[in-house]
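Kindly generate the complete structure, drawing on both the sequences and the hints.
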Amino acid sequence: MLILECPYCGVKAEETELSPGYEAHLKRFGPGSSPEEFEAYMFARKNPKGVHFERWRHSYGCGKWFLAARCTATLEVFGTYPAQVSEPPADIIAKIQARRPDWKGYK
Amino acid sequence: MSEPVSALGGASFQGFATIREIGPVGMITLRAKGLKSLEKAVKAVTGTKLPAQRRIEVNGDRACGWMSPDEYLLVLPYGDVQPALASLGKSLGSEHHLAVDVSDARAVFRIEGEKAAQVLRKLSPVDFDTLAPGELRRTRAAQVAAALWQQDGGFTVVCFRSVAGYVMGLLTHSAQPGSELD
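Chains as they are written, first to last, in this note's numbering: chain V, -19 to 87; chain D, 0 to 181.
Some hints here could point you the wrong way.
[What the hints assert, rightly or not] Think about it this way: if two alpha-carbon atoms lie no more than 25 Å apart in a straight line, the pair counts; the simulated BS3-like pairs of lysine-lysine are:
{"no.": "1", "chain 1": "V", "residue 1": "K(-8)", "chain 2": "V", "residue 2": "K44"}
{"no.": "2", "chain 1": "V", "residue 1": "K(-8)", "chain 2": "V", "residue 2": "K7"}
{"no.": "3", "chain 1": "V", "residue 1": "K(-8)", "chain 2": "V", "residue 2": "K87"}
{"no.": "4", "chain 1": "D", "residue 1": "K42", "chain 2": "D", "residue 2": "K32"}
{"no.": "5", "chain 1": "V", "residue 1": "K84", "chain 2": "V", "residue 2": "K44"}
{"no.": "6", "chain 1": "V", "residue 1": "K84", "chain 2": "V", "residue 2": "K29"}
{"no.": "7", "chain 1": "D", "residue 1": "K89", "chain 2": "D", "residue 2": "K42"}
{"no.": "8", "chain 1": "D", "residue 1": "K35", "chain 2": "V", "residue 2": "K(-8)"}
{"no.": "9", "chain 1": "D", "residue 1": "K39", "chain 2": "D", "residue 2": "K121"}
{"no.": "10", "chain 1": "D", "residue 1": "K121", "chain 2": "V", "residue 2": "K(-8)"}
{"no.": "11", "chain 1": "V", "residue 1": "K44", "chain 2": "D", "residue 2": "K35"}
{"no.": "12", "chain 1": "D", "residue 1": "K32", "chain 2": "V", "residue 2": "K44"}
Since the hints were made in silico from the structure, they are not lab data. Because the structure is a prediction, the values reported are computed rather than measured.
See the structure below:
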């Protein structure tokens, strides 16, 4: 079972209170982009075994979208943070590097 | 004017805890964040201070609860909603806010008795051992959204009116005599 702490209301929400929003930190390719770029934005996902950044919505609680860093293999949660950022905050990165020294970064 | 009617007409059930549908209760959803006159505007309506994160400030039959970083729930007697909306509009003026009467969109239940928490323990993914008095918890009750808080030795549960029958069924079933958790 996955338990994520909502950074907006501080509730340690169990998975059934949340809605998944899939991969986070996607760069949007809209009008003017090449078909290849748009296809990659639309369909290509990393789907890693290991560290993953995800969007979640606290749908049965405060209703806010937030981001979470977790490991897809062990379900270890490295941290959650508000969605108003374009890349993972430094403290989350530091926590992941401490736990996964061979991790190659989120890009 | 037509007579206000609560969702289930005040249905009640006596199990190992007492379940009562109460209402109609006046409720206002106030969406606002970081406004200068917010504290004052809320005080004028509910007589309470602005609640901190996840808290609900109760003042007799009025209350103000923290629903999300930019949303508050104002609870007040049904008949006082229109004057309260007018008062909010006046005190917040042109500051960006949204205040809506949601009284008729909600159903409110009271769960009372020594084992009231056990009725809810079975329905919501909430750690009731760490739920502080005066904490407003938005969560789910089985399949539907609900908000609950402790008040006067029992719990108040708020859900959407459209699922009032479902929630009454849940609470009734959960409070069946003989189904206590200890």
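Q: Check each numbered hint from earlier against the structure, then list the numbers of those it violates in ascending order.
A: Hints 2, 3, 5, 8 and 9 not satisfied by this model.
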